[in-house]
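Q: Modelling step: build the complete structure from the supplied sequences, incorporating the hints.
Numbering (the UniProt record's numbering) for the sequence shown: 1 to 306.
Keep in mind that the hints were calculated from the coordinates and are not lab data.
Here the structure is a predicted model, which means the values were calculated and not measured.
Watch out, some of these pointers could steer you wrong.
[Said to hold, decoys possible] Pair by pair, the computed Cβ-Cβ distance ranges are: (1) Asn-210 x Asp-183: 22 to 30 Å; (2) Gly-157 x Asp-76: 23 to 31 Å; (3) Glu-199 x Gly-157: 31 to 39 Å.
Where a beta carbon is used, it is the ideal one built from N, C-alpha and C, also for glycine.
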Amino acid sequence: MNRNVILTCAITGAGDTAAKSPHVPVTPKQIADSCIEAARAGASVAHIHVRDPETGGISHSVEHFREVMERVREADADIVMNITAGGGGDWIPDAEDPTRGGPGTDIQTPAERHAPVAELLPELCTLDCGSLNFGDMVYVNTADWLREHARLVQAAGVKPELECFDLGHVWFARQLQQEGLLDGDPLYQLCLGIPWGAEADTETMLAMRNKLPENANWAAFGIGRHQMPMVAQAMLLGGHARVGLEDNLYLEKGVLATNGQLVEKAGTLIENLGGRVMTPAETRAHLKLRDPRTGKVVEQAVGGDA
Numbered sequence: 001m002n003r004n005v006i007l008t009c010a011i012t013g014a015g016d017t018a019a020k021s022p023h024v025p026v027t028p029k030q031i032a033d034s035c036i037e038a039a040r041a042g043a044s045v046a047h048i049h050v051r052d053p054e055t056g057g058i059s060h061s062v063e064h065f066r067e068v069m070e071r072v073r074e075a076d077a078d079i080v081m082n083i084t085a086g087g088g089g090d091w092i093p094d095a096e097d098p099t100r101g102g103p104g105t106d107i108q109t110p111a112e113r114h115a116p117v118a119e120l121l122p123e124l125c126t127l128d129c130g131s132l133n134f135g136d137m138v139y140v141n142t143a144d145w146l147r148e149h150a151r152l153v154q155a156a157g158v159k160p161e162l163e164c165f166d167l168g169h170v171w172f173a174r175q176l177q178q179e180g181l182l183d184g185d186p187l188y189q190l191c192l193g194i195p196w197g198a199e200a201d202t203e204t205m206l207a208m209r210n211k212l213p214e215n216a217n218w219a220a221f222g223i224g225r226h227q228m229p230m231v232a233q234a235m236l237l238g239g240h241a242r243v244g245l246e247d248n249l250y251l252e253k254g255v256l257a258t259n260g261q262l263v264e265k266a267g268t269l270i271e272n273l274g275g276r277v278m279t280p281a282e283t284r285a286h287l288k289l290r291d292p293r294t295g296k297v298v299e300q301a302v303g304g305d306a
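A: Structure follows, in structure tokens:
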């Protein structure tokens, strides 16, 4: 069991959730405020997407990311920042011509996906490690695109969080490591419960965990009603955890949550199981991340980090 848990809060995501809950942040200010709320509730890491402030839909704007980052960094609440680099992979074949993308398609090159990371240099960024049927669309990440993207992240000196939505994604992430495209101990995020990837259950999490390299740090999350059970399961199997409105809108059945409430609930669950949530400073030391104040990699563990 892992008794020192890095707890990530996935703040908003890119899905069509803003109309389903008034607590889903949309504007850069709202997203930054929600990061600060999560930090004050005890989260170690904030994982962010940005949205079009007018429509609530997908945005890849570097300036939207910049505003969020600046507002969070200027606040009096510390948190590790993790920018998504997984946008721009949505493919829905056109009904009349399936060789073209239809409505809802949103494709970016690796360089375009990487632009906010290269410009803003967060401590972490995501690197999605394969393609899959993501609900009713296809999420596209070809092997050569991922190799190119991994090189860009490596050159920027940002640590990638290797998002794996199925067992083959873990296999490919190991391949990236073997090819020298990942520096240091890799960090995996096992993404469970998304139709039609890996299911959110113990057997699936265990199977994916057992395929990780020996030097890997790892976390897992489940979406919807699986969110809190997967927090407990990840901790019990030796991993870290993630909650937040990107993955789940509810505190309990029929009760809409805020990000801060989800962090507090997960933190209480972790404590009741005999663990603790690591501070942002401890997280940077544990994962050997770059300190945004100094620009230097943190090497020495602090506090209760085991």
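Q: Against which earlier hints does the structure fall short, listed by number upward?
A: Hint check: nothing fails, all pass.
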